[in-house]
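Take a look at the letters that make up each chain.
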Amino acid sequence: MTAALEVRELYMTFSGVDALSSVSLSVPQGTWMGLIGPNGSGKSTMLNVLSGLYKPRAGAVVVSGSDLGRVPARSRIKHGVCRTFQHPQLAASLTILENVMVGAVRGRGASADDETGLQWLARLGCAEYAEHLPAEVPYGVQKRAEVARALISEPSLLLLDEPAAGLSARERAELVAALREVREVLPDLTLCLVEHDVGLVASVCTELAVLSAGKLIAHGPTDEVLADDAVKLAYLGSRSTT
Amino acid sequence: MSKKLVGLTVALTTLSTALAGCGGGGDSASGAGGDEIVIGAFSPLSGPAVSASSGIYATKAALDKVNDAGGIDGHKIKFIIKDDQFDPAKTPGVTRELVETDRVSMLCGPQGSVPFGAVKDYLAARKIPTIVNAGAPTLAGEYSYLVSSPFDGVGAMLAQFAVEDLDIDKVAIAYSDDALGTSARDGAVRILEADGLEPLGEIKYDITATDFSSQAIQLKATGADFVSIPAAQANVAGLVINAAEKIGYKPIWGLSYAAQNKTLVDVTKGAIDGRAYFATPYITEESETGAEYAATLAEYAPDVEVNSGATIAGYTIGELCVDVLTKAVEAADGEVPTSAQIQETLSSYTADNDYIQGIDWSDEPDGAAAAQILQLKDGKYVESKPFAPLP
Amino acid sequence: MELLQTSLILGVVVGIVYSLSGAGLVVIFRTSGYISFTQGDIAAVGLFVGLAAYNSGAGYVWTALLVIAVSTLVGGLVGALITVPLEKHGHLPAALSTIATALIISGLLNLTVGGDPRSFPEVSRSEALSILGVQMSWSDVAGVLVSASVFIGLGVFFSRSRMGVAMRAVNDNKLAGELLGVPDRRLKLVSWTVAGALSGLLGLFVAPILSLSTVSVNTLLVFGFCAIVIGGFDSIFGALVAGTAIGVMTNLTSTYLDPNLVPTVLWASMLLVLLVRPNGLFGRRKLVRV
Ligand SMILES: Nc1ncnc2c1ncn2[C@@H]1O[C@H](COP(=O)(O)OP(=O)(O)O)[C@@H](O)[C@H]1O
Ligand SMILES: [Mg+2]
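Protein sequences, first through last, are from chains A, B and C. For the first sequence, position 225 (counting from the first letter as 1) is numbered 225 according to UniProt numbering, and the numbering increases by one without interruption. For the second sequence, position 288 (counting from the first letter as 1) is numbered 288 according to UniProt numbering, and the numbering increases by one without interruption. For the third sequence, position 180 (counting from the first letter as 1) is numbered 180 according to UniProt numbering, and the numbering increases by one without interruption.
Keep in mind that a hint or two might mislead.
[Stated by the list, open to error] Only pairs whose alpha carbons sit at most 16 Å apart, straight line, appear in this in silico EDC-like list of lysine to aspartate or glutamate: (1) B:LYS269 to C:GLU122; (2) A:LYS78 to C:GLU178; (3) B:LYS204 to C:ASP258; (4) B:LYS380 to B:ASP360; (5) B:LYS250 to C:GLU127; (6) B:LYS269 to B:GLU245; (7) A:LYS55 to A:GLU9.
[What the hints assert, rightly or not] If we take Cβ atoms under 8 Å as the criterion, some of the chain A residues that face chain C in the derived model are: (8) SER51; (9) SER75; (10) LYS78; (11) ARG83; (12) ALA92; (13) GLU98; (14) VAL102; (15) VAL105; (16) ARG106; (17) SER153.
By construction, these hints were calculated from the structure, which means they are not laboratory data. Yeah, the Cβ is synthetic: ideal placement off N, Cα and C, and Gly gets one too.
Isolated chain A (complex conformation) (with noise of 0.2 Å):
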């Protein structure tokens, strides 16, 4: 069975400065993998390369068997690739509804109707803000507004960037359980989660890769990974110190 993700050799570039450097990874269909890594490893450069908004320097990043090399950013939703930001993308004279359903023009989800965006938001735990605007919602709202967004156009590849970052504890709370939600609901959706809360990503993912200073240095089961020496050192090390 083909891998929903692959990632041969990536690498990418900042004036000299290797962001990633040799990455290669595989993910199968369904997993949740977390990608975590101290500031400034790559993480949001790998999900940057992922959704096409990056053109690596070398490599390969296949999705479903389908080589995405030659698809740029616009095109790769119809490939099933979708993602939220680290800060939320959201148009600001749109409702939260409306903006939700903006995923469905040309995800895969093209039939989705305004139920269908109501009731992603209900799952997310949001479906009281849909008829407001981005800027009269709560900062956590907005993020799994985004979130509704991706899941309406019913991706395979779902990347998330730090979901949880900026939120309250109730919030995340919050995000747990509906990420948990849409587990249950999606079960064949991959999801790759970019997240500094190590706790969080625990929580919710199966998997998880770590990236520091642009190279893989661990991928596997959550536990194992979590009680991998090298990870410790290299990432709770570092994080300590940020």
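Using the hints, position chains B and C with the ligands against chain A.
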């Protein structure tokens, strides 16, 4: 406001390069060197105001006719027309070319109050006399001679016509808040007061406006049977009239040669046929002299609109220039007259002929002191009241 | 009293036409984020072609359809070939290109058809009804009804249809639009095409009143521009209310104050609205996050 702005900007930016060639045109098919009398004029020949060019083509027709008949005492007239696009920012440049490069001895029929206003002082300083094709009384000066009747007199004549000839005492006035509009209004008020009347309304309009329904409503509210709007150009008069007729107000309209053309008839879709009167110092095609005018135009400027006030004004000015130059050549003993000699002739010139009456520049350099009233009837302008002195 | 009534009613009638001219601007603004200054000239092309057809015997309905068809085509072409491609250099070059295009079209029209105002056919001058003693022709009635349906149609399109919602998103958040695969180029072309059609439609109501010249529709767009600033750049409904208000206000100013004050009152109220409510009276106000 915006309309002008857009229009002028268009003229400026898009057409200036494309049409630079046309501007310098003029007529150079004349006799040999020193024998020519060189005169000139500016006029829009391109751009948004190009429709105002009929006057200059008519002036040229009058001069061409004389040239074809051998010129003035053997001197051909070289008439140089420069294109200023009716843009007072361009007028000074082309006027300098005429005076300093082409060395014209006079200007014959340059078009427009605003463009001429921009060069009046320059021409006076260079002592180049001009017979102006424009109506604003402020344009008259030591070196600038007007032909069109002053609007004060035009307004007065229309009011007098309404009261005395049409037997109407309910008269309202619509006017624009500028020199032409207010002098026309004042003339009308003066006459009405002399008859013990007063206007039922003096309604102001803005010539750059897009919506004249407010004026229409106010005019209708006066209940006047005769509305005088003497200084309006055809397009503005058309908008005011349309707005009024649209709300069911259909008075008799008093207009002038400024609005006398097919644009007005076209824009109002002929609705005012029989109900529109025009005060004008100029002849019509229908008259005896007019037939000759029309024939000349058909031969020398077949494309211009015969029945337009502006065309007839232009032609009349052409005839006046010929007359003035003929006298100036006589005064110069048959030689080509200098600017000074032409100015000398102009400053003592009077005209009471088939084309124009009541010109006396020996007294004041202002326009014709006599006018007639025409009625728009079946698309033609027919005499309703013969030439008489302006009241 | 009759003066006031008539002023009010005629103000509303002309105001709705102002609103319609604002609507075309909103459609482009929504997807592209700038104002098009070409719409009046796009309409002029359609109107002159329509007039030529009318003069050679086409009936009013065919003339009207032709005007709208040509304006739609020209609008779409200007967007597709000139303005939208220039957006890659930013909004300013694109907006400037609309001015350049306007001047070019207008220059070509002056060259070909000249500056003479002409009469343009209208639906019908005959009286349709009378409101409080003010007679309305069929043209007025048609103008009001067509404008109203256009407003309702646009309102529904932008709020209910998937494409309408996407068009609003395109300009609001480019990054999200790109990653969600929103076909922004195509939507922009749709908006230019629709705006072209609206300009032609507007022209059909303006030209009989102002008479057709190369600048007649442009003259009116000034009011449309004010209408959308006052009503709110993103609000079709705002354009309707503000346009009507401007019609009434300018009419009252002209009747009771001074016709020469009309532009002053117009621009002053626009500035006032900008100062007090920068997003316009009906633009959705961005609340500070709590
Ligand atoms: N657009 C960019 N231009 C230059 N350097 C970049 C850019 N994006 C990321 N980097 C660099 O690449 C490295 C990885 O950054 P990033 O992927 O944002 O890390 P993370 O998301 O793991 O915190 C950092 O050193 C960062 O400075
Ligand atoms: Mg990051």
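Status of each hint after checking the structure:
{"no.": "1", "hint": "B:LYS269 to C:GLU122", "in the structure": "11 Å, holds"}
{"no.": "2", "hint": "A:LYS78 to C:GLU178", "in the structure": "12 Å, holds"}
{"no.": "3", "hint": "B:LYS204 to C:ASP258", "in the structure": "7 Å, holds"}
{"no.": "4", "hint": "B:LYS380 to B:ASP360", "in the structure": "30 Å, violated"}
{"no.": "5", "hint": "B:LYS250 to C:GLU127", "in the structure": "15 Å, holds"}
{"no.": "6", "hint": "B:LYS269 to B:GLU245", "in the structure": "11 Å, holds"}
{"no.": "7", "hint": "A:LYS55 to A:GLU9", "in the structure": "14 Å, holds"}
{"no.": "8", "hint": "SER51", "in the structure": "6 Å, holds"}
{"no.": "9", "hint": "SER75", "in the structure": "6 Å, holds"}
{"no.": "10", "hint": "LYS78", "in the structure": "7 Å, holds"}
{"no.": "11", "hint": "ARG83", "in the structure": "6 Å, holds"}
{"no.": "12", "hint": "ALA92", "in the structure": "5 Å, holds"}
{"no.": "13", "hint": "GLU98", "in the structure": "5 Å, holds"}
{"no.": "14", "hint": "VAL102", "in the structure": "5 Å, holds"}
{"no.": "15", "hint": "VAL105", "in the structure": "5 Å, holds"}
{"no.": "16", "hint": "ARG106", "in the structure": "3 Å, holds"}
{"no.": "17", "hint": "SER153", "in the structure": "7 Å, holds"}
Against the hints set out earlier in the document, a violation occurs for number 4 only.
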